[in-house]
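Student: Go ahead and model the full structure; you've got the sequences and the hints to work with.
Protein chains: 2
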Amino acid sequence: MPEQIIHTHELPNGLTVVIEPMSDVQSAAFCFLIPGGSAFDPAEHGGTAAALTDWITRGAGDLDSRDLSNALDNLGVQRNESTGLNHLAFTAATLGENVPAALSLYADIIRRPQLSDEEFEGAIAGIEQSLRAIEDEPQRKLMIELRRRCYDAPWGLPTEGSLEELARITAKSVRAHYDRCLRPNGAILGIAGCVDIQEMLALVSEAFGDWGTKPDSSMVTGPRGERIGHIHHDSTQTHIGIAYDAIEYAHPDYYKAWAAVGILSGGMSARLFTEVRERRGLCYSVSASLNSLKHEGRVLCYAGTTVERAQETFDVTLRELQRLGDGIESHELERCKARAKSSLIMQQESTTSRATSIARDWHFLKRVQTLDDIRRDIDELTVSGVLDYVHQHPARDFTVLTIGPNPLKVEEA
Amino acid sequence: MPEQIIHTHELPNGLTVVIEPMSDVQSAAFCFLIPGGSAFDPAEHGGTAAALTDWITRGAGDLDSRDLSNALDNLGVQRNESTGLNHLAFTAATLGENVPAALSLYADIIRRPQLSDEEFEGAIAGIEQSLRAIEDEPQRKLMIELRRRCYDAPWGLPTEGSLEELARITAKSVRAHYDRCLRPNGAILGIAGCVDIQEMLALVSEAFGDWGTKPDSSMVTGPRGERIGHIHHDSTQTHIGIAYDAIEYAHPDYYKAWAAVGILSGGMSARLFTEVRERRGLCYSVSASLNSLKHEGRVLCYAGTTVERAQETFDVTLRELQRLGDGIESHELERCKARAKSSLIMQQESTTSRATSIARDWHFLKRVQTLDDIRRDIDELTVSGVLDYVHQHPARDFTVLTIGPNPLKVEEA
Chain U
1 MPEQIIHTHE
11 LPNGLTVVIE
21 PMSDVQSAAF
31 CFLIPGGSAF
41 DPAEHGGTAA
51 ALTDWITRGA
61 GDLDSRDLSN
71 ALDNLGVQRN
81 ESTGLNHLAF
91 TAATLGENVP
101 AALSLYADII
111 RRPQLSDEEF
121 EGAIAGIEQS
131 LRAIEDEPQR
141 KLMIELRRRC
151 YDAPWGLPTE
161 GSLEELARIT
171 AKSVRAHYDR
181 CLRPNGAILG
191 IAGCVDIQEM
201 LALVSEAFGD
211 WGTKPDSSMV
221 TGPRGERIGH
231 IHHDSTQTHI
241 GIAYDAIEYA
251 HPDYYKAWAA
261 VGILSGGMSA
271 RLFTEVRERR
281 GLCYSVSASL
291 NSLKHEGRVL
301 CYAGTTVERA
311 QETFDVTLRE
321 LQRLGDGIES
331 HELERCKARA
341 KSSLIMQQES
351 TTSRATSIAR
361 DWHFLKRVQT
371 LDDIRRDIDE
381 LTVSGVLDYV
391 HQHPARDFTV
401 LTIGPNPLKV
411 EEA
Chain S
1 MPEQIIHTHE
11 LPNGLTVVIE
21 PMSDVQSAAF
31 CFLIPGGSAF
41 DPAEHGGTAA
51 ALTDWITRGA
61 GDLDSRDLSN
71 ALDNLGVQRN
81 ESTGLNHLAF
91 TAATLGENVP
101 AALSLYADII
111 RRPQLSDEEF
121 EGAIAGIEQS
131 LRAIEDEPQR
141 KLMIELRRRC
151 YDAPWGLPTE
161 GSLEELARIT
171 AKSVRAHYDR
181 CLRPNGAILG
191 IAGCVDIQEM
201 LALVSEAFGD
211 WGTKPDSSMV
221 TGPRGERIGH
231 IHHDSTQTHI
241 GIAYDAIEYA
251 HPDYYKAWAA
261 VGILSGGMSA
271 RLFTEVRERR
281 GLCYSVSASL
291 NSLKHEGRVL
301 CYAGTTVERA
311 QETFDVTLRE
321 LQRLGDGIES
331 HELERCKARA
341 KSSLIMQQES
351 TTSRATSIAR
361 DWHFLKRVQT
371 LDDIRRDIDE
381 LTVSGVLDYV
391 HQHPARDFTV
401 LTIGPNPLKV
411 EEA
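Protein sequences appear in the order of chains U and S. Here the first sequence is numbered in this note's numbering, starting from 1 and rising by one per residue. Here the second sequence is numbered in this note's numbering, starting from 1 and rising by one per residue.
By construction, these hints were calculated from the structure, which means they are not laboratory data. Cβ atoms here follow ideal geometry from the backbone N, Cα and C, with glycine treated the same way. Among the clues, some could well be false.
Pairwise CB distance ranges (calculated) [said to hold, decoys possible]:
no., chain 1, residue 1, chain 2, residue 2, range
1, U, D253, S, D196, 37 to 43 angstroms
2, S, E81, U, A176, 49 to 55 angstroms
3, S, E81, U, E164, 42 to 48 angstroms
4, S, P12, U, P252, 56 to 62 angstroms
5, S, R66, U, D379, 23 to 29 angstroms
6, U, S330, S, E334, 54 to 60 angstroms
7, U, D234, S, T170, 29 to 35 angstroms
Covered stretches of chain U (in silico footprint by chain S; criterion: 3 or more residues with CB under 8 angstroms from a CB of chain S, positions within the stretch not fixed) [said to hold, decoys possible]:
no., stretch
8, 15 to 29
9, 94 to 107
10, 168 to 174
11, 213 to 227
12, 233 to 245
13, 295 to 308
14, 329 to 338
Tutor: As structure tokens, then:
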């Protein structure tokens with residue numbers, strides 16, 4: 001594998017550009033993280049950042065909404081916009097040769113959005129539709145509501161807000177969010193693929209160098225929801241969500257936490273899959289993943305099953321989480337390592353993965369890990385190290401939420 | 001871009017190996033298509049092939065279910081098994097250096113599965129859970145039932161069968177399916193990435209060369225379902241499915257059909273997205289895609305919206321489908337071409353995409369298209385050519401299915 005070159009440059013206004021040129025590819029991708037995510041939504045106006053994320057792409061610079069979509073499609077850009085807690089995220093992938101033109105369109109979107117009244121209704125309607133669609137997506141609803149119960153506000157709040165809040169959001173309040181929150185200081189642009197470092201730096205400096213800084217935005221904090229809960233839903237299915245404390249991405253023990261969750265839920269030989277699904281045939285889907293904010297983390301688990309098997313699925317899943325501290329076989333850890341190494345190689349072959357990873361690394365760590373760094377951290381994992389982590393951060397004090405016709409008994413939690 | 005080398009070799013028993021070595025990558029992927037898909041399920045035993053797809057990975061050769069999962073995870077294999085209409089499909093991606101060992105495990109799975117009684121119940125339970133979970137996934141249910149109504153049996157039947165049929169399936173009947181249908185003649189193995197052609201050929205010949213051929217399996221044909229239908233579901237949402245005739249992948253006009261659907265539903269500037277979702281804010285999700293069997297094809301459309309907006313969403317969507325024949329702007333086609341070229345380059349950078357594509361090409365075309373072939377076909381598309389296609393295959397005689405509290409008026413269809 002060619003040596004990884006990762007170049008980081010911070011503009012005087014605080015926008016950080018992280019560039020990873022990749023030989024042997026023709027494509028390139030970039031990932032913009034712009035301050036102003038949903039954690040900064042005004043009080044009782046959840047969904048403000050989400051409305052902005054949609055509205056901001058509906059016309060920018062001299063291009064109206066349709067012309068802007070056309071221009072991006074003409075460049076072959078595969079794009080995605082999403083609202084994070086901290087940032088609005090814009091990712092784009094296309095041929096390396098089209099990146100300069102695409103970046104310049106995103107400079108318009110980010111710095112010169114039209115935010116026209118006539119496009120506002122469409123943006124709000126889209127979010128309203130998405131919120132209403134949750135009714136037919138109980139698994140998605142479960143994970144949204146589980147976050148609300150295991151993280152304090154604003155970190156646990158749904159980025160899309162609620163229908164009640166959406167009704168309060170106006171073009172004026174969203175424009176105010178744009179003016180107050182979106183800024184270069186704290187913004188991150190990750191670029192990976194067939195690009196030239198100097199050309200990218202010149203472009204970014206030209207497009208964003210004169211963007212003025214803004215002070216930190218305030219956020220509204222609040223308590224989390226009830227630890228044990230049930231939401232009634234008429235169905236033959238029960239959806240089970242379980243959360244417990246873990247550690248954040250920047251924590252020195254992060255890879256130990258990652259391995260602990262990997263032993264539970266990474267690959268087909270992991271414990272939850274083999275024990276709950278394969279051996280007992282209890283459910284169609286069961287998984288656990290590590291979720292990280294900047295200063296805290298959780299393990300979030302999901303299991304979906306029939307009403308009849310819900311209690312046993314819950315009990316068996318909880319027992320698997322709890323008994324991790326009883327011992328880990330060395331071959332379980334070795335399999336985690338093997339999967340990680342293979343997946344690192346595959347990530348290195350995808351420009352979109354790399355652009356997203358280097359931007360995320362900068363956000364969480366203020367540095368970028370090379371794949372060799374990660375490989376070394378993973379190689380150094382030992383069973384006793386992972387067990388130490390599990391003993392220091394045992395699976396307990398569970399947040400439990402179920403959606404289905406009947407609540408479950410959750411005494412053990 | 002380095003020149004694409006695609007090597008095809010047919011073993012005397014009819015198994016075809018298609019190999020695309022890719023320089024500049026360390027990963028490799030393979031995709032096995034083995035005859036015996038759900039189209040060959042015995043009468044009133046829908047789900048037989050699906051049960052086999054699950055059961056077949058629960059122990060093979062000398063390894064029991066858990067040891068087999070462990071062995072694959074130890075090789076860092078990212079795997080997926082699925083039941084197609086024609087084939088069981090096994091895809092795997094890992095480091096190129098691990099491919100020989102992984103292939104040898106898949107030879108055990110395909111040729112020496114244990115199919116043990118004790119693992120059978122778990123396999124059936126998994127399918128039962130998946131079938132029951134459909135109740136909480138109305139969008140998935142809609143697309144399954146739409147296929148049943150726009151294709152004759154067995155092509156429109158759900159690969160997972162039904163709960164009623166599942167109750168009839170026994171270990172004996174699934175073993176009989178294995179014995180009757182799984183065979184080398186008609187099997188396809190696509191391999192792409194960091195591999196050596198001669199080494200792969202030697203391995204495959206060693207592992208599969210002495211696999212005996214079998215005669216063609218019979219299939220049970222039957223009529224499709226009602227053209228216009230509604231399934232009652234208590235919700236504030238309505239899910240709308242629309243299908244109409246198109247052409248198959250092997251048809252000389254395929255890329256014209258592809259462009260026609262791309263103008264409707266490719267990228268953010270496509271007609272359905274801009275007209276139904278962006279401009280009118282009618283729904284959260286709307287899309288159309290080209291679905292191909294070996295000898296016929298359909299356009300399948302989906303829109304999800306609230307009950308209040310369902311009728312208008314349906315009417316506007318149908319009108320967009322119908323008015324494609326009225327004219328296409330040259331810039332619409334140019335955007336389709338730009339998106340296609342960018343996406344071809346990205347596909348060329350993914351070993352999994354390539355392994356899957358070359359296997360699929362061989363199945364549909366009995367040859368493999370290089371990316372240059374496809375690029376040329378796309379370059380040659382003209383507005384008048386695409387319009388000719390649309391006039392020859394107009395959007396009409398729609399199959400319409402809705403899931404929600406109320407049926408819609410579908411006079412125009």
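Student: Evaluate each hint against the coordinates.
Tutor: Outcome of the hint check:
no.	hint	verdict
1	D253(U) to D196(S): 37 to 43 angstroms	holds (41 angstroms)
2	E81(S) to A176(U): 49 to 55 angstroms	holds (52 angstroms)
3	E81(S) to E164(U): 42 to 48 angstroms	holds (44 angstroms)
4	P12(S) to P252(U): 56 to 62 angstroms	holds (59 angstroms)
5	R66(S) to D379(U): 23 to 29 angstroms	holds (25 angstroms)
6	S330(U) to E334(S): 54 to 60 angstroms	holds (58 angstroms)
7	D234(U) to T170(S): 29 to 35 angstroms	holds (33 angstroms)
8	15 to 29	holds (count 5)
9	94 to 107	holds (count 3)
10	168 to 174	violated (count 0)
11	213 to 227	violated (count 0)
12	233 to 245	holds (count 5)
13	295 to 308	holds (count 3)
14	329 to 338	holds (count 4)
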